[in-house]
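S.K.: Going down the list, the protein sequences come from chains C and X.
Each residue of the first sequence is one higher than the last, beginning at 3 in the numbering used here.
Each residue of the second sequence is one higher than the last, beginning at 3 in the numbering used here.
Treat each hint with caution, since some may be false.
You can't tell identical chains apart in this list, so a pair holds if it fits in one copy or across any two.
Restricting the straight-line Cα-Cα distance to at most 20 angstroms, the calculated cross-link-like pairs of lysine to aspartate or glutamate (EDC-like) are [said to hold, decoys possible]:
hint : residue 1 : residue 2
1    : LYS353    : GLU301
2    : LYS350    : GLU301
3    : LYS204    : GLU58
4    : LYS350    : ASP298
5    : LYS313    : ASP30
6    : LYS350    : ASP321
7    : LYS353    : ASP298
Don't read these hints as lab results, they were simulated from the structure.
Number of protein chains: 2
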Amino acid sequence: MIALLAGIISCEQKSQSKEATTPMSEQDKALFVLAANYFQPIPDSASNVDNPYLAEKIELGRMLYFDTRLSLSNSISCNSCHNLSTYGVDNNSLSVGFAGQLGTRNSPTVLNAALHFSQFWDGRAKDVEEQATGPVMNPVEMAMPHEEIAVERIASIPEYQDRFKLAFPDEDQPLTLINIGKAIGAFERLLLTPGPFDSYLKGDAAALNEKEKKGLDLFIRTGCIICHTGPALGARNFQKFGHQVEPYWDYTGSEKPDEGLFGVTGNEADKFKFKVPGLLNIARTYPYFHDGSVWDLREANRIIAKTQLKKDLTEEELDLITAWMQSLTGTIPADALQLPVLPPSTNKTPKPQMSL
Amino acid sequence: MIALLAGIISCEQKSQSKEATTPMSEQDKALFVLAANYFQPIPDSASNVDNPYLAEKIELGRMLYFDTRLSLSNSISCNSCHNLSTYGVDNNSLSVGFAGQLGTRNSPTVLNAALHFSQFWDGRAKDVEEQATGPVMNPVEMAMPHEEIAVERIASIPEYQDRFKLAFPDEDQPLTLINIGKAIGAFERLLLTPGPFDSYLKGDAAALNEKEKKGLDLFIRTGCIICHTGPALGARNFQKFGHQVEPYWDYTGSEKPDEGLFGVTGNEADKFKFKVPGLLNIARTYPYFHDGSVWDLREANRIIAKTQLKKDLTEEELDLITAWMQSLTGTIPADALQLPVLPPSTNKTPKPQMSL
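Pulled out of the complex, with its shape left as it was, chain C reads as follows (with noise of 0.2 angstroms):
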């Protein structure tokens, strides 16, 4: 309340400085109300009190997210899936992994990560920092097949060996698959994304325009938001996908079934849940789904409108539904689109394995 308080006086204080924007109208005022309800902007910063700020951190951080050493054969970094100039995304269905493996679930973005309540699409990382290695050791990722030749690999190379010291001055021994998990978790915490609507959530209801703002009436009306709140939109829960029609597939046309959460716990009642995803930069991340099985934003709007609320929105809904989605694609920050120059292995180096 206190933030929306202070988002109402932003809006007004707004419209009395010099560059006047439109004073908000009452429905303007009414939708701003009803929308910070659900909604908080993106924080200035997703810190992690196990895992404190520190530049030297960071910047090792970004040097192994770009990193091909941390797979098998050199070749997949965790920029490969999480490509920073696609929304830390790579718009496919699936990912490929080493040797032309292709993965089992869409790779979700990397953008805004840290706001998520857990990690991965069944939620088995508790955090950006423990989800960081599981590519790394998966067979059909970065292929790694032990902990060791990981840590191997990067602290054959004087130049990690100093930087890990840097970023971890407190420990004996720095260069653990821990604190790569942690330095790149660093990295990954910056990767915040503010756009449109999040000005909007601060105070500019001009930051919208009429369909947009039709649109988000209307996705908190249909119920979205019984899923889709807090500042990622999202990301605070698990949902059984199909929750009102089933089976899902029926509606996203998907391969193959995946039991999701159940995987994880083999409870019954967790068959079919995955993390509900967060909606920023949502536009950009296609295609949708656990699965990738939907490749249109509209079309996913309209399937899950059906398979967890059992409404058929029509096509104007759908429109403005989407229209909106628009306003929730953010700025990559210009730290994330600055590429390293990575150190040189060594004759120590284990070498890369190309195939199976």
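Once you've looked at the hints, dock chain X against the given chain C.
M.R.: Quick look at chain X alone, frame taken from chain C:
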């Protein structure tokens, strides 16, 4: 000779300036004069009259260079094999292409490639513009089945349509495969990397330490300058690998003999001929030779002295030449390290194919 004199003058000017460098000794002058017979500094620009500079074209080229949509599986960009974070190479013997297939030759660096007399190990493309689209159409690389699909992918994206018009303002049909190559080539022509040896050639004798100067002297006197001359230290002609002792694979341990230029011309005299590689950034562009069969620069120097000059270099000689080669590592231009934000695909964009 004019450049040489300018170098000496610039050095003397420097020694008179406030930040005085050590004046050149007689020995330094003699080496400098000797070196200037064979090498020239990297030029300020590597322009192509058929592909004039235009800021809009260079920016477009940068986007295409990083765009995986030029590959059938939407997972390989130019930067995948010519990674600008690692000096324009992937540091693998052979590169991973479509569906995990391996290429047949080592991916050479794109840095300073615009200075080369031709492109590819067998010189089959005349310049970087022509080279750029080769891998796009190669079935084991980016694997576009025909030119139309590559063009259709890009043409389906409105922002690219606009950018091609700006980049090729005088053309009725600016979006063609040839112009994709020209835009990428325009970007690549900026990838010049002056380093310490370049400073040396411009007159700063202190840019090399004593060991490196000895290595330079030895490199010249051993006869390496029969092939490795000019601003790129090579890349001016073809030479038979195993010119003096053959077959070359007895020395490199190559698994498969490669007939090189013979594959292009069918001339018996061209068997086992390859483009002499340039040596700029050679310490960073391991592994070496056309098949990446040798990982260690010192070993590569031992082998090439034997196969091309029939010389057995001593351990000390190898140390010195290899030490000098470190001074060929230059600075990657900041512009090359700036990732573009890529425009989204549309419903018209042909979908990727992920496996064979």
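S.K.: Confirm or reject each hint.
M.R.: How the hints compare with the structure:
1. LYS353 / GLU301: between (45 angstroms within a copy, 16 angstroms between copies)
2. LYS350 / GLU301: This pair counts as between: shortest inter-copy Cα distance 15 angstroms, intra-copy 52 angstroms.
3. LYS204 / GLU58: Answer is neither; intra-copy 32 angstroms and inter-copy 35 angstroms both fail.
4. LYS350 / ASP298: Only across copies: LYS350 and ASP298 sit 11 angstroms apart there, 48 angstroms inside one copy, limit 20 angstroms.
5. LYS313 / ASP30: For LYS313 and ASP30, neither the intra-copy (26 angstroms) nor the inter-copy (83 angstroms) Cα distance is at most 20 angstroms.
6. LYS350 / ASP321: between (57 angstroms within a copy, 18 angstroms between copies)
7. LYS353 / ASP298: The answer is between: 12 angstroms across copies meets 20 angstroms, while 41 angstroms in one copy does not.
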